[in-house]
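A.B. asks: Whole structure, please, built from the sequences with the hints as guidance.
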Amino acid sequence: MNAMGKVVRAGVGRKRVQTLVMVLTTMMSVTACILALGLVVAAQGPYERAFTDQRGAHLNVLYDRTKASPAQLAAAAHAPGVTASAGPYPAVTLQPRAGQDTRIPPAGSLLPPMTLVGRAQDGPMDDLRITMGRWIAGPGEVVFLNGHSPLAVGDSAQFPELPGQPTLKVVGLADSVSWSADGWVAPEQVAGLTAPGTTPAAQYLYRFAHAGSDAEVEADHAAIAAAVPGGALTKATSYRSAREEANRTASTFVPFVTAFGVLGLAMSVLIIGVVVGGAVSAATRRIGILKSLGFTPAQVARAYVGQALIPAGIGTALGVLGGNLLSVPVLGMAHKALRGGLLGIPLWVDAVVAVAALGAVVGTSLVPALRAGRLRTVEALAVGRTAPGAKRAAARGAAGRAGVAGLLSGVRDAIGLLPVPRALSLGLASPLNRPGRSATTAAAVVLGTAGVTLCVGLTLSLGSLQDGLTADRAGKVLVQVPFDGSAPVDHVDEAAVAKAIESRPGTRAWYSSVPAAATVAGSTDRSELVAFAGDTSWSGFQLVTGRWFHGAGETVASAAFLRANQLKVGDTVTLADHGRTTPARITGEVMTTQDVVFLDRAALEPLGDAVHAEAVSFHIDLTAGTDAVSYADGLDAVVKPMRLSADPGEAHINLVVLAVNTLAGTLTLLLSVVAGLGVLNTVLLDTRDRVHDLGVLKALGMSPRQTVGMVLTSVCGSGLLAGLVGVPIGIGVHHLVMPAMARAAGIGVPDADLTVFAPSVVGPLIFGGVALALLGALLPATWAARTRTVTALRTE
85 MNAMGKVVRA GVGRKRVQTL VMVLTTMMSV TACILALGLV VAAQGPYERA FTDQRGAHLN
145 VLYDRTKASP AQLAAAAHAP GVTASAGPYP AVTLQPRAGQ DTRIPPAGSL LPPMTLVGRA
205 QDGPMDDLRI TMGRWIAGPG EVVFLNGHSP LAVGDSAQFP ELPGQPTLKV VGLADSVSWS
265 ADGWVAPEQV AGLTAPGTTP AAQYLYRFAH AGSDAEVEAD HAAIAAAVPG GALTKATSYR
325 SAREEANRTA STFVPFVTAF GVLGLAMSVL IIGVVVGGAV SAATRRIGIL KSLGFTPAQV
385 ARAYVGQALI PAGIGTALGV LGGNLLSVPV LGMAHKALRG GLLGIPLWVD AVVAVAALGA
445 VVGTSLVPAL RAGRLRTVEA LAVGRTAPGA KRAAARGAAG RAGVAGLLSG VRDAIGLLPV
505 PRALSLGLAS PLNRPGRSAT TAAAVVLGTA GVTLCVGLTL SLGSLQDGLT ADRAGKVLVQ
565 VPFDGSAPVD HVDEAAVAKA IESRPGTRAW YSSVPAAATV AGSTDRSELV AFAGDTSWSG
625 FQLVTGRWFH GAGETVASAA FLRANQLKVG DTVTLADHGR TTPARITGEV MTTQDVVFLD
685 RAALEPLGDA VHAEAVSFHI DLTAGTDAVS YADGLDAVVK PMRLSADPGE AHINLVVLAV
745 NTLAGTLTLL LSVVAGLGVL NTVLLDTRDR VHDLGVLKAL GMSPRQTVGM VLTSVCGSGL
805 LAGLVGVPIG IGVHHLVMPA MARAAGIGVP DADLTVFAPS VVGPLIFGGV ALALLGALLP
865 ATWAARTRTV TALRTE
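If you read the sequence shown in my numbering, its first letter stands for residue 85, the second for the next number, and so on.
Check the hints yourself; a few may be wrong.
Cβ-Cβ distance ranges computed for the label pairs, FRET-style [unchecked claim]:
| # | residue 1 | residue 2 | range |
| --- | --- | --- | --- |
| 1 | GLN184 | SER297 | 43 to 53 Å |
| 2 | PRO725 | ILE214 | 37 to 47 Å |
| 3 | SER297 | LEU104 | 51 to 61 Å |
| 4 | ARG218 | THR746 | 21 to 31 Å |
| 5 | ASP835 | GLY281 | 54 to 64 Å |
| 6 | VAL346 | SER376 | 44 to 54 Å |
In silico EDC-like pairs for lysine to aspartate or glutamate, Cα to Cα no more than 16 Å straight-line [what the hints assert, rightly or not]:
| # | residue 1 | residue 2 |
| --- | --- | --- |
| 7 | LYS253 | GLU225 |
| 8 | LYS560 | ASP711 |
| 9 | LYS724 | ASP711 |
| 10 | LYS724 | ASP577 |
| 11 | LYS560 | ASP731 |
| 12 | LYS319 | GLU329 |
| 13 | LYS583 | ASP720 |
| 14 | LYS319 | GLU586 |
| 15 | LYS560 | ASP717 |
| 16 | LYS560 | ASP720 |
| 17 | LYS560 | GLU586 |
| 18 | LYS560 | GLU638 |
| 19 | LYS652 | ASP619 |
| 20 | LYS583 | GLU638 |
| 21 | LYS724 | ASP619 |
Everything labelled a hint here was simulated from the structure, so no lab data went into it.
C-beta: ideal position from N, C-alpha, C; glycine also.
C.D. replies: Written out as structure tokens, the structure is:
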């Protein structure tokens, strides 16, 4: 081994603690950067990747077998523009009921109409990916489309109108990038689901050369319809709806992941710079020795860059490994929420982050190494052997010419006059010894505090946002739509239900909601009207702008409705039903992803109270201390003769919200650890620089407890400053990220979901910077307290 190699190896092995800190710091920084960049990549076009991987279909078509022969249907695969096809698969469209072992929705509830297709899991097109449960093993089982299933795994669906009243058990949920069906059964099951005198439809899947827009898909649809006899094509479903929903969901991830990625990258560069620069600066005397042995400035620089690269290289390798291992659950959560995307970190992400990390190490170590290498040999030896106090005096002499020394000295003297124990005043003044290093570390703690603040804000905002989005299911007890497992009810005696609710002990407030048969003149066919009666003040619906409706003649509408109809708050719409009309003014924008209009039941009186009365539901709030289960059981016995069902309300967790909170928490933890390691390294360097002073203080009677207090106090000022600066930064980033995520989801953000930083939240966050700094300084403080006085005095 040559002289250069021996110097590098000796430098790495001599300072084991510092080397370990550099390894850990680089490892955590690289891990955080890989996860953040991997999440950004995962959120970019996940649907397109899933569509390619699962061989998605652009168009799903149902044909009436009685109006076209198999040969005619097969010939449609050669229509203009078709590049691939799959089928035929037998398909039936039915409206089942929830089975007897189903709790939500209640047993016997009429479920939405659904198309069930008999096919294998994989095929030439539209591979189905199981997300929960398993695939069909045979007849009697069904797998539903993930995210659109009214039933969960383990529930069952009944078909009482069919011969034999078949029942299908839900054994799994699956992703289909084409939304080719609502559910899938074994091919031999289709015959048992076919009503007498009818024939199952034939499903074909098609892919086209040009299907990038709605117009192109419509043209493809027309080409397929022209290739078969008239009336044979009964239904066609485009992939565009699935694509739009997936991309909208993915877009909600980009703002917060980008914010954490920027924070992580900035913090990593800062901390690596502090660790590497401090290591080189602390070796000035050793550099003088090397120069006296004949090393040139370039050789000295290379030696110290090599000493920094060895632990940094090990940390980078471990960070790449840790980032890829941690990406399995993290990207798995993102994959479920995005219904597609990456399940692993691309190799180019590993390479980019590794090269960037090592480049940062080289850059931050080369500057101080070159500066030290240019020192004269006698100068380097003198600086290295000078006691820390003399070093500071020399530094003050140089800085005094710029007018800085006087300021630092004045601050130090002011701290000395504080009415605190001497050990603590020494600790408070310690950051002034190396203000540059202390400022850089404080900046890293600022970024860590900002990350924690952003994570807390996102958690609170998304929780409030989810409550608003699920307010249509509000209520500790719900009296549901009338189902008893037999024939549906034609009408609900609402007065009798209201009387039963109001007379029940424990009732605090209630309101009813019911779909309206009326329409908004000139609106899209997708718009839904929901009418309310009762006390809606506690419902939990949130308004983005404006106010809630008050009586007849007023409505609130969703952002989707306002966009689709080019309306705004304050405009007037016309409600219509069977030739009768009545005006209503839009008084507010309600937060919901649906294309919906909410109004008071009284607004429909000019139209003859046009509602679907058989679909009314009642939402009940309870007085404090009332048990929801007991209340629901008692009310259920009263309303059951009316063929209604009373059930306790249950919390609904949105997978996207859960994924965002989980990912934000993971990234915040990594950033906090990196910031803590930065503090640990800085305090460790300062403590080693001042070890001789520490020996003198111990010789003068400073106890181990006072030593710990002095070292911990040295970071309190930086931690408090970091909290005071980092929390406002985190709040500012939160106020940028939340609206961006909401816009991507197609909704606005109410002020209540943004103003989540109450004093009770901000206070602990500010002192969180102090806590983060104290945790990072705890190990060096313990080491300093345990150092023997004689050992410290012998150390130079």
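A.B. asks: Each hint needs a verdict: does it hold in this structure or not?
C.D. replies: Comparing the hints with the structure gives:
One distance hint, 43 to 53 Å for the beta-carbon pair GLN184 and SER297, holds here, with the actual separation near 47 Å. As the Cβ distance of PRO725 to ILE214 is approximately 42 Å, the hint placing it in 37 to 47 Å holds. Here the CB-CB span from SER297 to LEU104 is close to 57 Å, well matched to the stated 51 to 61 Å. A C-beta distance of roughly 25 Å is found between ARG218 and THR746, which places it inside the suggested range of 21 to 31 Å.
Between ASP835 and GLY281 the Cβ separation comes to about 59 Å, which falls inside the hinted range of 54 to 64 Å. At roughly 45 Å, the beta-carbon separation of VAL346 and SER376 lies within the given 44 to 54 Å, and the hint holds. Taking the CA atoms of LYS253 and GLU225, the gap is near 5 Å; set against the 16 Å cutoff, the hint holds. For the given pair, LYS560 sits about 9 Å from ASP711 by alpha-carbon distance, which is consistent with the 16 Å threshold.
Our distance criterion of 16 Å between C-alpha atoms is broken by LYS724 and ASP711, whose separation comes to about 20 Å. For the suggested pair LYS724 and ASP577, the alpha carbons sit about 12 Å apart, so the restraint of at most 16 Å is met. Between LYS560 and ASP731 the CA atoms are separated by roughly 9 Å; this keeps the pair inside 16 Å, and the hint holds. Between the alpha carbons of LYS319 and GLU329 the distance comes to roughly 21 Å, so the proposed pair goes past 16 Å and is violated.
Proximity of LYS583 to ASP720 is assessed by CA-CA distance (about 14 Å); at most 16 Å being required, the pair is judged to hold. Our distance criterion of 16 Å between C-alpha atoms is broken by LYS319 and GLU586, whose separation comes to about 47 Å. For the proposed pair LYS560 and ASP717, the alpha carbon gap of about 13 Å is at most 16 Å, so the pair holds. A distance of roughly 14 Å separates the Cα atoms of LYS560 and ASP720; the hinted pair therefore holds under the 16 Å criterion.
Between the alpha carbons of LYS560 and GLU586 the distance comes to roughly 15 Å, so the proposed pair stays at or under 16 Å and holds. Straight-line distance between C-alpha atoms of LYS560 and GLU638 comes to about 28 Å, which puts the hinted pair past the 16 Å bound. Proximity of LYS652 to ASP619 is assessed by CA-CA distance (about 26 Å); at most 16 Å being required, the pair is judged violated. As the CA atoms of LYS583 and GLU638 are separated by approximately 27 Å, the hinted pair breaks the 16 Å bound.
Note on LYS724 and ASP619: the hinted pairing is violated, with a Cα-Cα distance of about 24 Å set against a maximum of 16 Å.
Going through the hint list in order, the structure does not satisfy hints 9, 12, 14, 18, 19, 20 and 21.
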